[in-house]
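Engineer: Both chains are sitting in their own frames, so use the hints and assemble them into the complex.
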Amino acid sequence: MTQTNGPASDQGAGHLTEPTSRQAGDSGEPFLVVEDLTVRFPTADGLVQAVSGLSYSIEQGSTLGIVGESGSGKSVSSLAVMGLHDAKRTQMSGSIRVGGTEVLGLSNDRMRRIRGREVAMIFQDPLTALHPFYKVGAQISEAYRAHHDVSKAKARAKAIEMLDRVGIPQARTRVDDYPHQFSGGMRQRAMIAMALVNDPSLLIADEPTTALDVTVQAQILDLLQELQKDFNSAIIIITHDLGVVAEMADDVMVMYGGRAVEYGRTREILVHPEMPYTWGLLASVPDVTADPDARLIPIQGNPPSLLRPPSGCAFHPRCPHTGKVPGDLCRTTLPELTRGEHGDEHLKRCHLPDPSAIYEQEILPEIAPDLVEMTVKDEFPAEVGTGLVEDSPSDDALPKER
Amino acid sequence: MTESEVAPASSAAGQAPESYESAEHQSAAPPRFDRHAEAILSVTDLKKYFPVKSSGLVRRTIGHVQAVDGVSFEVRKGSALGLVGESGCGKSTTGRLITRLYDPTAGSMMFQGKDLATLSHKAMTPMRKEVQMIFQDPYSSLNPRHTVGTIVGTPLRVHNVVPDKQVLGRVRELLEVVGLNPEHYNRYPNEFSGGQRQRIGIARALALQPKLLVADEPVSALDVSIQAQVVNLLRDVQQEFNIAFLFIAHDLAVVRHFCPEIAVMYLGKIVEIGDRESVYDHAHHPYTQALLSASPDVKQAAIGGRRERIRLEGDVPSPINPPSGCRFRTRCWLAQDICAKQEPPLLQIGKSHKVACHFASELNQTPPRPVTTGLLGVDDQGNHDAGSTPTTLSTNPGYDDEWYDLKSKSFVKA
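Chain order of the listed sequences is X and S. This note's numbering applies: residue 1 is where the first sequence begins, and numbers increase by one. This note's numbering applies: residue 1 is where the second sequence begins, and numbers increase by one.
No lab work stands behind these hints, which were simulated from the structure alone. Note that CB positions come from ideal geometry on N, CA and C, so glycine has one too. Worth double-checking, as some hints may not be accurate.
Straight-line distance between alpha carbons at most 20 Å, and here's what the computed SDA-like set of lysine to any residue pairs gives [what the hints assert, rightly or not]:
id	chain 1	residue 1	chain 2	residue 2
1	S	Lys77	S	Gln238
2	X	Lys324	X	Gln300
3	S	Lys351	S	Arg276
4	S	Lys122	S	Leu208
5	S	Lys77	X	Asp293
6	X	Lys229	S	Arg311
7	X	Lys324	X	Arg308
8	S	Lys53	X	Gln181
9	X	Lys135	X	Ala171
Pulled from the structure, derived: some chain X residues nowhere near chain S, Cβ distances all over 10 Å [unchecked claim]:
id	residue
10	Arg40
11	Thr43
12	Met92
Restraint-style ranges between C-beta atoms, simulated for each label pair [as the list claims (entries may be wrong)]:
id	chain 1	residue 1	chain 2	residue 2	range
13	X	Met374	S	Asn396	18 to 24 Å
14	S	Asp164	X	Glu360	54 to 60 Å
15	X	Phe133	S	Phe50	25 to 31 Å
The following block holds chain S by itself, in its conformation from the complex (with noise of 0.2 Å):
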């Protein structure tokens, strides 16, 4: 980034000196969501494998735990893409290999037309400008022997996007962007609450203007009353600044309020992705049908209502040993033979709504037969049938203008 293109930005925020207080008042519309806007980023089969060791002297690998196991997805300008899911289902380990903080065991993450997942260290530096990170727990993620204005500016002074003499000049407009009061610069962290940490942990990745923020659980170490602050706090970042978020969330409600599209992931893979509406209104996954069932409700329970709550049994099963076929059938409540055989396909099922399982539908309205097996060449069973062909299945990480419909089981174009 040139200097001339930070200074009309920073005029900007100068010009507002009560920005954050005035934004708070906005009511401009959050993005929607648009399956044609362009994708800031674009990621496709990316996978993770951390080795697992043996004890002893040699350390030999034994395994591998399959963190992230081929996801593909899109990132749209100026846009939110939720990731959800449960500890261990490799939400954080995406948003960390996006910003490259792990090196990716395969897979392509193109981002303004470079692939982020094999830019040489030196080669991403530049790029780290453009992809910030903010990270979950506020007193851990900033060093408690800087002073704020040190931490804020040291994006700054690295990628030397202001002269030396300016830095502090800008750390004040962050603080101010950000609802702090810009005299507390020369502070420590600790003289700080919760919450405001994480305004500092905004600043500073706000402080290069990046065009792509990965927010790993920005609100779910803060108390309830703060929380809201700093989600209105990202929604008017997002909005002023044009900035396309992955929100890494596992609560449901969060995540809906915030991103227009939403990923679910299990045990390394995305089990269902579309647009708010497709994923919590018609959800077609077990898993997502079971997440959504299980999320507290505060206004349905005072009105005495309640949802159906689906137990799940058991817990998340090893990804260093993950089950075979689909991933989530050791807890479904639909499984059948082909589960084990066969893995379901992210399989688009309409204008923006994928979902990965053989019995896609909505809650209580299974189909009697697997979905699938026309697609992937097999029985009901999931035994490979000789007298059909497998069709070969877009790999496009966005939505395609032609999906599969579930009703009359064939492809029908938009």
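Okay, chain X solo, but in the shape it has when bound (with noise of 0.2 Å):
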């Protein structure tokens, strides 16, 4: 693999040669910035249109979620991020700047340096996403030696210095060990120590969570604040569950049939979700402190085929407020992504007039009923999803990790 740069240097962007010696802050741009991303993949059955027209922009030290259920284009737009699509099987348009540096259409041999050292990902499926045959700790510290010059002794101290980082018990002697000696959650950490070696500015985890027990999860999600608050990297998590975003994420992008549905701060998402398909992600999910009574109200019928997407709105077949929109719009016309009813960082995709007084008066009082009160008069405390458990005064009475 090409050698890029001189002595090693933990230092995030910034300390690369070519090609992304721009510092993220030069123009005021954020690090990651993504316009109109358009990802279309031809089949023998015709074009299945992935995502389509997709921006997004996400800063230094901040994380942003994406929420969205299979097939809605969350993994595709990532992927492309990563440059991890072949260029001869898909079609993308657009534009994705990974601090200040259009990565898309850059060849192969330039998205590598940029790969792991800028950009890196954590999988879903940590048994898959490391290779049985090698040791865990030669895995990372490949991937550390991909982007600095330094002897393989070196790197291994550095792979045990990030195992331990990560929290993997007795690290000196679990370098040496396979992916199946790991459990699960070590697994996943394994994964986020090799994602890190190499101090990425942005990290995309893929449903990093997914494949692993709530007590594990727990553990993963704190990890990756406690990293994030150390390496001030952006995180991009990739999930399914509302829950994990709004524990962790700053932004909320909620994605329906390759479109961006809902985009704005995490707080106004959850608070004054604008857009159907949020509510009935919302309304779909029991909690634990629910009435077990009520019945749960599912989105009726099934996620959009992406070779044909249905006209106008990608959602119309399922919504249950189409009767609300004057004329036939929402089977005709594709809303545009415009400002929501509270505040300019709330973007959505909907052609219903007055949202929210649709959502305070006719979706809450059957989610949620004791938040009707405190939606409408907009009386919640202003900080969400604080993030680590530090920051709950009341967590001192609790065990800390032993």
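Structural biologist: Here it is in structure tokens:
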């Protein structure tokens, strides 16, 4: 693998030579900017419109949650940021700028210098993402040596340091274990160690906890937040679990049928959702405090086919509110991503007039009757998804990791 | 089951062509927990040990994975028992033992007066009609080369429930019940989405009108928006056909929603069991408390609050060589000497609430001394106390009318 760097340096962006020499802050632009990204896969059956006109950005040190069900384009768009789509089999357009550098259409060779160094990714299933024939430590040091011209011994020491950092007990001996000797949670920790070994400025976590148990999920989410504080990286967390987003993300983007349908500050989206699909997501998840006698309110129907997406708004065949929109707009016209009723940073893709009123009067009483009053008066505490456990004072009474 | 028994139910399903749709708007109350209700399944001290073989030519047994190690519980008629726990805790193995996909190592499973654990395979066949299973993965649990009609119709043919000519009609009724288009009986599974496939699996399980359905993670492989559809469907069929459920899942919120009674498993043992309110609102086992605190909560986070989260360190230990005493002690923040020496009994501490912990208490109210010493005849460190004799504890898989009150440290009657 090509070495782009001189002596090892642990500093993030800005220390690379070509092609990513420009500091993220030079232009005042966020670290990652995705503009009008479109990803299509030609297949024997036709063109799969996996992602259409997607735009978002993320600043250093903040977290973006991307929520959606399978086939909503959330993983495909992130793989595009990593440059992991085969250019021969994918039609991509738009722009993806990482630290000011356009990465869409970048040659494999140059992409390799960014991948792992500037942008790293952790995957859903750590067992398949780790190579079963190589020792965990060897896989981490390889990732390090790909971007740093150091000896094997130094890289190994770095691997031990990282394993220790992510909370693997006895890292010095476990570094020589094979992935199958690790438990699921430890494998995911090792994946995180591998992703962070080059101190990337952006970490993409694709369903990082879906394959894990709840107690281990809590450990991994805590770890990600801790590491984010230490490394000041930006994190994109891709998930179908709004609970994870609520705890982790500063911003959230809800995707449906390859498009962003709602995008804004996490608190805004959770307290004042304005798009019926988001309402559906909120309503269909029971929580451990809800009334067990109440029926769950599912979203009827099935996710759309990306081969033949519905006309107009992709959600209209499943949307119970199309009748409230004058004319046949939902079926005929794709709604633009427009400003919501609560703040400039809240964007939604929906024709529905006065969505807040519908949410407060029809949806909220069904799913959280106890919150109606608070929502109408907007009496919520300003902070949401506080992040680390240490943030809440009452946690002092609880056991810390020993 | 005779044909005469089948007929009324099938006509009931036939009468309501929109049965699924109409059920969607029903607001019949879900089953309440009644500890005196008749148990349809009574499991006592069920064990399953899988042998671990050495490598090499002579594959000697060098140990056992104690997947399920002495669990006792009851499933009540038309009710639902939720079995929760992390992967490897033995919850799926328990489900597979009850359906006799595995043969138990020890223990009994009384179902309609017969012990499912000791029945021969031949004697088990008619019982399979009564106990059916829904699997987690709707992709691998349907044969891709069979049409939906074949998949749903096979149980009917195998058990000769209806004459061959009527199988198709019955299949169409079943598809209708689970909310699929009955005309799709000649399609293949790959033509359906994940949620629809799970409906096919449910139709197959319902075909024989079982009394007990073992649902092993029935919604965890589905998209969020589809999960609610399937949970509602399961609740509808439960009420319509009065089926008892053993509902195995790791998602505490879904289990709480579906099951009036919940058992929490850890490393092959039940650590806490009780009705919904006892387990969720008054959890007495530290593991249950940790599980509850770890599950993310959207609505709490939306209003800016969050529950205190207990961080458990490490992973579940190996079931080949489980910790001595209490199996949770290696990850428990309350653990003391007694926890390593004495295994805590599953002690009934309320009307319908049992817990296995030496320091059973609600969160942050840990008693200074172990609560079980008097019962086990040991001192606070878990050593045998010559002065006291152990009490013989009830082994009833259900709930007794007399239980150990933690406050007064004595047995009280209802």
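Engineer: Which hints from the list above does the structure break, by number from lowest to highest?
Structural biologist: Structure breaks hints 7, 13.
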